[in-house]
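One letter stands for each residue in the lines below.
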Amino acid sequence: MKPKKPRRKGRIEDFVPPEGVPIAFNLASRGTRLGAQLLDIVITYGSITILVVLLAWSGVVGGAPLFALFLLLTFFVRIPYYIFAELIWNGRTLGKRMTRIRVISATGQRLTPHQIVARNLMKEVEVFLPISTLFGANDLNTWAGVSMVVWMFFVLLVPFLNRNRQRLGDMIADTLVVEMPKAVLLPDLTTDKKPLRKLFHFNPEHLEIYGRYELQTLETLLRNPPKTQDQYDRMRAVARTIIDKIGYTENIAPIDQWDFLMAFYEKQRGFLENRHLFGDSREDKFHAEVADGLEAGNSGADSKRSKMERNKTP
Amino acid sequence: MSAFEPSPEQQTIRSARFRQERENGWLRLEKLIVTAERSGVRGLSYRETLELSSLYRQAMNSLSAARALSMDKALLTYLEQLCARAYLVVYAPQESIVPAILRLFSHGIPQAFRRSGVALTIGFLAMTLGALVGFTLFQRDPTWFYTFVPAELAGGRTPQASADFLRDTLYGTTGNAADLLTVFAAYLFSHNTQIAILVFALGIFAALPSFVLTFYNGLLIGPFVAIFVDAGLGFDVFGWLSIHGVTELAAICIACAGGAQLGLAVLIPGQKSRRSALREKGRDAVKLMILAGLMLIVAALVEGYLRQLVQPTEWRLVIGWGLGIFWLGWLMLAGRHGHAQ
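In the order they appear, the protein sequences are chains A and B. Numbering-wise (my numbering), the first sequence opens with residue 1 and increments by one. Numbering-wise (my numbering), the second sequence opens with residue 315 and increments by one.
Calculated from the structure, these hints are not laboratory results. Quick reminder that beta carbons are idealized off the backbone N, C-alpha and C, glycines included. One should not assume that every hint holds.
[Claimed, not checked] The calculated lysine-lysine pairs, modelled on BS3-like cross-linking and capped at a C-alpha distance of 30 Å, are:
hint: 1; chain 1: A; residue 1: Lys-267; chain 2: B; residue 2: Lys-387
hint: 2; chain 1: A; residue 1: Lys-9; chain 2: B; residue 2: Lys-387
hint: 3; chain 1: A; residue 1: Lys-245; chain 2: A; residue 2: Lys-267
[What the hints assert, rightly or not] The calculated label-pair distances, taken between Cβ atoms and stated as ranges, are:
hint: 4; chain 1: B; residue 1: Pro-583; chain 2: A; residue 2: Gln-231; range: 55 to 61 Å
hint: 5; chain 1: B; residue 1: Asp-455; chain 2: A; residue 2: Gly-31; range: 29 to 35 Å
hint: 6; chain 1: A; residue 1: Pro-80; chain 2: B; residue 2: Gly-638; range: 39 to 45 Å
hint: 7; chain 1: A; residue 1: Asn-164; chain 2: B; residue 2: His-651; range: 36 to 42 Å
Throw the hints in and build the complete structure from the sequences for me.
Put into structure tokens, the structure is as follows:
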């Protein structure tokens, strides 16, 4: 049986665009979405207030036409604004643009007008009804009022109850709200480096110990060169642990430890990538036990692995 | 190793070479994405657009290959994010709005209407039942009027009102200034559409709230008509209500039908999961709601202007029911052939 890869919280990892290569999105946090919604409300109601005040003050339009305009605008900023904004800006309203989030279609296809209309029509019960009940003159002390509040509380709870953080409108429209992806290309540690002061020699048995997880933990460490004494100490501790663990016998001066880690990273990565290509994927340092465990048909290594994930030490 | 000096080619590991060969393409793609994000794909030249799509496909390839080749976490994260960003630019909606809207009116809405028989029955039944119940209860005991109709809505049109006063409200000519009519129409439109959207959206809670709200709308109408009937103004109130009501009340019923579609998907999902049933029924439901919104615009114009300007009951009947026949004809006959998509 193939063990199922646990899904990281707040992430969509099986999003398959038409090209068939799954890509990942970070779901927008509920707080960000609430912030975007509040921003939208402030922007829309704020701007119609300013517009109406300016028009009244300038005297271009006044009296009844101005009032009619005001009525139409207050209608427009409720549902139609969100529909038009998301149609024009491909799933982004002004508030969403500011908080850097956007709507995508969960199907992997492009966002359709139907989806945008559907998800925003439901805003009436999910956003505006609670607001107007709360701030309206409704008496909430009757049993009807209390049940109304309880019911709306559950509606607001919906995004917390499913792992895709969808509200009801998202479910009908099959949409997701995600963070705008940010792409930053960091240098490759194996090519972008100063020439080493010393050559290190690694034997194959030195590289047999660790797996992908430890390698990538080391990568994170190497991407932040130590600046404070604490960080130096941590780097030294890691270097000593690795030297002990892989049984590296040559003596390494403290000043060479950083270079050692760099050299080890490159060799270990090349080695693991080769093994991976040949069908021998080593997820972490328990890879040998996993291989044994598969043969013996038990999953003792799994519990060890989960313990390691908790400790997060290489 | 020390015996001979390896060439730089051999010194770098495979995944690093993989990256060196493709890096420039990724950076170029990133530049194009930034332009497209700022000013849309329109901001790109023809050549750049072609480049964008081919670079996008290459980046997707790189991602797929890098997952097999590289253990450089930073590189994998970068490629994933780059592809996600490129995907959002490449798969932006491309449909132009006008043909999409025309197709919606010629095929989408009429077909959705014809598919929604059960839901429409529920919607119209809610309103009719409400009106009948309201009317009957009022006939038994006129004090029901005060239970159903809020005082601010009645505007003096109570069971105690004189027949002359009631006649005046039907044919009133006070405050007919064009300005006020505009305000009235704007008010009617925004108020009624808000109600319709609410009726629609409440449908997701097992359709019951939609039904209740529509039923209540009917409940308001029943006693209201009854006081005019009692004053011997039955025919007049029928005309007064018909000119806009045929369209307006039908729109509320249709919005309720849209809500009922959602509710039915939740209540009776059949073989599908509730979520996918909702998704599927949602297509027709949203179209019904758009139809309701359109009808409410027309109804507001008729109620705001025409009802005040057209006084003879016969003409009011002709306009109101003529509109009704027009809606029905469109919805039953349009888009018989071909698909909405």
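The hints, checked one at a time:
1. A:Lys-267 with B:Lys-387: Satisfied, since the Cα-Cα distance of roughly 16 Å is no more than 30 Å.
2. A:Lys-9 with B:Lys-387: Roughly 19 Å between the alpha carbons, so the hint for Lys-9 of chain A and Lys-387 of chain B holds.
3. A:Lys-245 with A:Lys-267: holds (16 Å)
4. B:Pro-583 with A:Gln-231: 55 to 61 Å: Because 56 Å falls inside the window, the suggested range holds.
5. B:Asp-455 with A:Gly-31: 29 to 35 Å: violated (54 Å)
6. A:Pro-80 with B:Gly-638: 39 to 45 Å: Roughly 26 Å apart at Cβ, these two residues miss the hinted range, so it is violated.
7. A:Asn-164 with B:His-651: 36 to 42 Å: holds (39 Å)
Comparing the model with each earlier hint shows violations of hints 5 and 6; every other hint is respected.
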